[in-house]
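Student: If you want the building blocks of each chain, they are given just below.
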Amino acid sequence: MDIIFEFLDRKKYVILRTYLYSVENDWNSIPDQSLNSNNTLLIFFGAADGRIIESELKNLQRNFPDSLMVGCSTAGEIFNEGLYDDSISLAILKFESSQIRLVSTKIDETHESRNAGIKLAKELLKDDLKAAFILSEGLLVNGSDLVTGLNQVLERKVTITGGLAADGDRFENTWVWNQGQFTSGVIAAIGFYGKNLGFSHGSRGGWKLLGPDREVTASVDNVLFELDGKPALELYKKHLGELKDDLPASGLLFPLAIRSEREDGDIVRTILAVDESEQSITFAGNVPKGSCVRLMRASFDHLVDGAMSAASGINFSEYKGGDLLSLAISCIGRRLLLGQRTEDELEVVMQELPENCQQIGFYSYGEISPLASGRCDLHNQTMTLTLIWEN
Amino acid sequence: MDRLLERQFKKLGLSENVLPNETNWKRLIELVSDSYQDSDKDRQRLEHSIEVNSQEMQELNEQLKIKVKNRVAELSQAHNKHKAVLESLADGVVTINRSGVIETINEAAEKIFGYKREEVVGQNVSLLMPKEDRNEHDTYVAETSMKGKSKIFHRFRELLGRRKNGELFPIEINVTPFGNNRDGFVGIIRDITARRQHENELLQAKEDAESGSRAKSKFLASMSHELRTPLNAILGFSELFEYSPGLSDKLKQNAKEIQSAGNHLLQLINEILDMSRIESGSIELSCEAILVTDLFEECLMLSKSQAAKKNITIDFTCEDDLALNSDYTKVKQILLNLISNAIKYNITGGNVFCRCQKESGEFLLIEVEDTGKGVDDSRIAELFEPFNRLGEENNTVEGTGLGLTITKKLVQLMGGKIGVKSQIDKGSCFWILLPREKTHQNIESNLSRSKIAETEVKPTILYIEDNPSNRRLVSQISEHDNSYNFIFSNDAESGIERMLEIKPDLVLMDIDLPRMDGFEALSRIKKMESIKHIPVVAITADIERIRSQKNDRYEFEMSIAKPICIPSLLQSISDVINDNKMSVQFDDADL
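Quick note, the sequences are listed as chains X and L, same order. Heads up: the first sequence begins at 1 in our numbering, then just goes up one per residue. Heads up: the second sequence begins at 1 in our numbering, then just goes up one per residue.
To be clear, the hints were calculated from the coordinates, so they are not data collected in a lab. A virtual CB, placed ideally from N, CA and C, is assigned to each residue, including glycine. Where hints are given, some of them may not hold.
Said to hold, decoys possible - List of simulated lysine-lysine pairs, DSBU-like, C-alpha gap at most 35 Å:
1. X:Lys208 x X:Lys238
2. L:Lys10 x X:Lys238
3. X:Lys237 x L:Lys332
Claimed, not checked - Derived, one-sided and incomplete: chain L residues facing chain X with beta-carbon distance under 8 Å:
4. Arg3
5. Ser33
6. Asp34
7. Ser35
8. Asp38
9. Asp42
10. Arg45
11. Leu46
12. His48
13. Ser49
14. Val52
15. Glu56
16. Met57
17. Leu60
18. Arg157
Given only the sequences and the hints, what does the whole structure look like? Please build it.
Tutor: Given below as C-alpha cells:
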C-alpha cells in the first residue's frame, strides 16, 4: 500500500533532468527523449557565438518535437556550481499537472520595450497564471521599460523573474532561441499555470556604496550624460584609472546605485555601453534625471556573501519535496570582478539550496525579479535565483 | 585549503595525495599566478578607487567650506537686517526661553521698562511685572511649555508692567511661541499709558457732556413747568370769556386773541419740550397694533374744524385691514402734524389726500398730499431743520418751525423713514414709511375708548390746589356747567380731612403742593379704609414725573397736563366717574 501511495504521490512532481554540453567534451549524458511531451519545457543557456552550438540545438529541437524550447546567449553558462564557456547548460522539465505557455515578441527600436512588455503580459494572462519567466535580448531592449509594461498588466499578483541575454564582455550581439532559431530583438516569456506549481525567488548584490551622493543632472531614459553637472563618463574614467581602456566592460566594476526613499531600497544599474562623442554612458535600466545616485564597489567577499544571502533568503515554505530546479542568473559585472573566484558564488549558492536541487543559469546583462514590495523590477549586478518545482 | 586552490586542483584532477605531472604543474602555476594577479588587480583597483575617492572628498570638503562661509555671511547679513528692523520698532520686543528667562530685548523695550539690555538678559521676565503677578506667571509659563497650548497666544491683552523705578503702568502685550518645540516665546509690548490717559480724558468729556445735557433737559422741564403754570391761568381765564354772558363782541374778540397767542406759546413750549426729550433720548415708545382706519378717523375728526376754516376737503383712501405696529400717541402726533401742515399751507378751497398702502418689506406707506404752492427741490432738505419755515414766518400762517423736525425725529425713532415730493404750484406730498403689524387679528378699535355715560346724581369733586388762580379757574367752570359740585382745599393735609368728611366722588390733586406733595398724599389716602376707593386724578405741569412714578405702589387714576384745557378736563372727569361707577356696580353685584 505504502508503495502505491508513494507512487501516486511521486506522480504529482515535475520530472527534471539537467545536461551540460561543451564543444570540448560533448554532452555529459544524452538528453532523455522520453521526456518529450506537450507539457515539457527545454530551457537552456548557450555560448554567445551561437554558431558553435547551433547543430546541437537543432538536434534537440528535432528530438523534442512536442516540447517548448527556449534559451539565450550568455556571458558564461552555469551548470550546478560550475562556470563554463562555449557550452550549453540545459534543463528539461516535464510537468505533471501544471501548464506552460511560451510567447514572444520582437522589437526594432528601444522605445518599443514597454509596449512589448504589455503585449507579452496580455498574451500570458489567464486566471491561473502563477508566474512568468522572461528571457530577453540584452542590448536593444530597455529592461526597465519592459518590466514597467509587464507590471502594468500583471500587477503584483504574478511573480515575474528572468534575465537579459548577454554577449560575453563584448556587448555587441545577443540572441534568444525562439521557434527553432537564433533571433535578435526578441523577448520570450514562459507562463506557468496551475495551483500545483511551485515558484520562488531570491536576489542580492552584495555591493557597497562608494563616495558621495551625486545628482543626475542630465539623462534620457537609460542614457546618462551628467552627474553634478559634470560628464558622467569622465567620472567613471577617473575611478577606473588604467582600466578605462577596457570600457564598457570595466565600467561594470563600478555600478551605480539609484537611491530610493521607498521600502524597496536602492536599485543597482550597470553599464552596457559608452559613447565617447556624447560623453554618455548607457545603462541596462533607466537613470531618471534628478535622482540621487552613488557609485558602488565590491570585493570578492562582498559579492560571494551577496550570492549566499540571495539563496538563504528564498522561501521554501511551500516546497514539499521532489525535483527542484534553480535558474541562476548572475550579472556579467560580478564575473568580471570575481574572475577565477566566480565559481565561489556558485558554490555558496548550491550549498545554501536543498541537497537535491539542480542548477543551470547564466551570466547576464540584467536580472528581473520582484522587490521587497512585490513589484517587479530590473536589477543589475545581482545574483538572482528562480526556483521551480511542482507539488 | 582555500576554496579557489581546491577548485584549481580539482580542475587538474589533483589533490593533496595526487601530485601533478609536468603539464599539470605548469597549468597549476598559471592558474595560481592568474589568481594572484587577479587579487593584485582587485587590490590596486580598490586602492586607486580609495585615492580618487579621497581626492573627491577633499574637493567636496573645500566646496562645502566655501558654501558654509558664504551661507554664514548671508545669514549674518539677514541677521543684521532683522536686528535693524527689531531695533527700529516702536513696540517693545522681548523673547524668553521655556523657563521664562529673558534672552533678547530690543531698544524700544529698554526704553519702555527703563532697563539696560545687560540688566535684564538672563533674568526672569517676571522682573518686568508687578510683584503680585510674578508667581502666577512662572506657573503659567511652565504649564504652557508642558501643554503647548494657550488661550493667550496671538492676541493683544492689556496688563500692568513694572518699570525699573518700580512704577506700574498699563501695557498691551501679544505673546507668540516660537521654534518647533515651543523653544520660547516672543512678546510684543506697547506702553499704553498715553492712550489710557487720552481715553480717560475722552470718558470725562463724555460724562461732562452727558451731565450738561441732563442739566439742559432738567432746566427745560422745570422751565416749561414754570411757564405753563401762568399760561394755564391766562388760557383758562380767557376761555371763560366765551361763557360770560353780556360781554361785548370786541372784548370776546380780544379774549380770543389772548387765547390764540397763549395757545401758540403753549404749542411752542410743548414742542421745545418734545425736542429736548427726543434729543436726550428720554422718549420711550409703547408699541401696539394700530388699525390705520381708526387712526385716520381720529386724526381727520381732530383736523375737521381747521380744514373747514379754509374750506378744504380731506380725502382718505386705504387698503382694507392695514395695521401699524407703533406707539399710538406718537403716530397720531405725526399724522396730525402732517395733516395740519397740509391744511395750513394749502390754498383756500384746496384738497388734502391721505393714502395708506402696503409697501414692499415690512412697512406701510402713508402719504399726505396737499394742493398748496409746493416747495422748490433745492430747499426740501431745509424743511426738516428746526425753526426753518422757508420764509413762512413772514406770512400769517401760524407755526413754530419745529413740527417737521419733531415729526422726522419721531419717525426715525420708530424705525421708519420720511420724505417729500413736491412740485411748484401743484403741491407737496409728504410720505412716511412705518413698520407694519403682521398679525392683525382682533385688533380692538381704539375709538370705542371714550363714551360718556349719563350721570343721574350730581357728583362731588374735591380739587386740592395751592395756586389760587387755578382754583378760581375751576370754580368758574362749575358756574357754567352744573353737572358737578366742586369743593376746594389748598393743601394735602386739609384735603385729606375734607375727603374723610364728605367722601367725594372724585379728587383732583395738584402734585406740587406745599409740605406734602401729591404722591405722598395719594399713598396716605390709599391707606385709609374709608376713602381708599375714591379715584384721585393728578393735575400737573410735569406729566413725565407722573409717568416715572408709575412703578410705585399707588397710581393716580389719571393724569391731566397743565395748563388745563376745559373741555378735556370735563371729558376726563366724566370718564373717571363713569368707570368708577361701573366697577362699584360690579362690586355690588358680586356681593
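Student: Confirm or reject each hint.
Tutor: Hint check results:
1. Between X:Lys208 and X:Lys238 the alpha-carbon distance is near 19 Å, which keeps this suggested pair within the 35 Å criterion.
2. Annotation: proposed proximity of L:Lys10 to X:Lys238 is violated, straight-line Cα distance about 39 Å (limit 35 Å).
3. Restraint check for X:Lys237 and L:Lys332: not satisfied, since their Cα atoms lie roughly 108 Å apart, outside the 35 Å limit.
4. Nearest Cβ of chain X to the Cβ of L:Arg3: about 6 Å, under the 8 Å cut. The hint holds.
5. Restraint check, L:Ser33 versus chain X: the minimum CB separation of about 11 Å is more than 8 Å; hint violated.
6. Below 8 Å, beta-carbon pairs count as interface contacts, and L:Asp34 has one with chain X at about 6 Å; its hint therefore holds.
7. For L:Ser35, the shortest C-beta to C-beta distance to chain X is roughly 5 Å, which falls under 8 Å, so the interface hint holds.
8. Hint status for L:Asp38: holds, given a least beta-carbon distance of 4 Å to chain X, under 8 Å.
9. Look at L:Asp42: its Cβ gets to within about 7 Å of chain X, closer than 8 Å, so that hint holds up.
10. For L:Arg45, the interface hint holds, since its Cβ comes within 8 Å of a Cβ in chain X; the closest pair sits about 7 Å apart.
11. Taking 8 Å as the C-beta contact cut-off toward chain X, the hint placing L:Leu46 at the interface holds, the least distance being around 7 Å.
12. Evaluation of the L:His48 hint against chain X yields a held restraint, the C-beta minimum of about 4 Å falling below 8 Å.
13. Taking 8 Å as the C-beta cut-off, the interface hint given for L:Ser49 holds, the closest approach to chain X being about 6 Å.
14. For L:Val52, the shortest C-beta to C-beta distance to chain X is roughly 5 Å, which falls under 8 Å, so the interface hint holds.
15. The restraint placing L:Glu56 at the interface with chain X holds, with a minimum CB-CB distance near 6 Å, inside the 8 Å limit.
16. At a threshold of 8 Å, the smallest CB-CB gap from L:Met57 to chain X is about 7 Å, leaving the interface hint in force.
17. Because the closest C-beta pair between L:Leu60 and chain X is about 6 Å apart, less than 8 Å, the hint holds.
18. Interface hint status for L:Arg157: violated, as the beta-carbon distance to the closest one in chain X is roughly 45 Å, over 8 Å.
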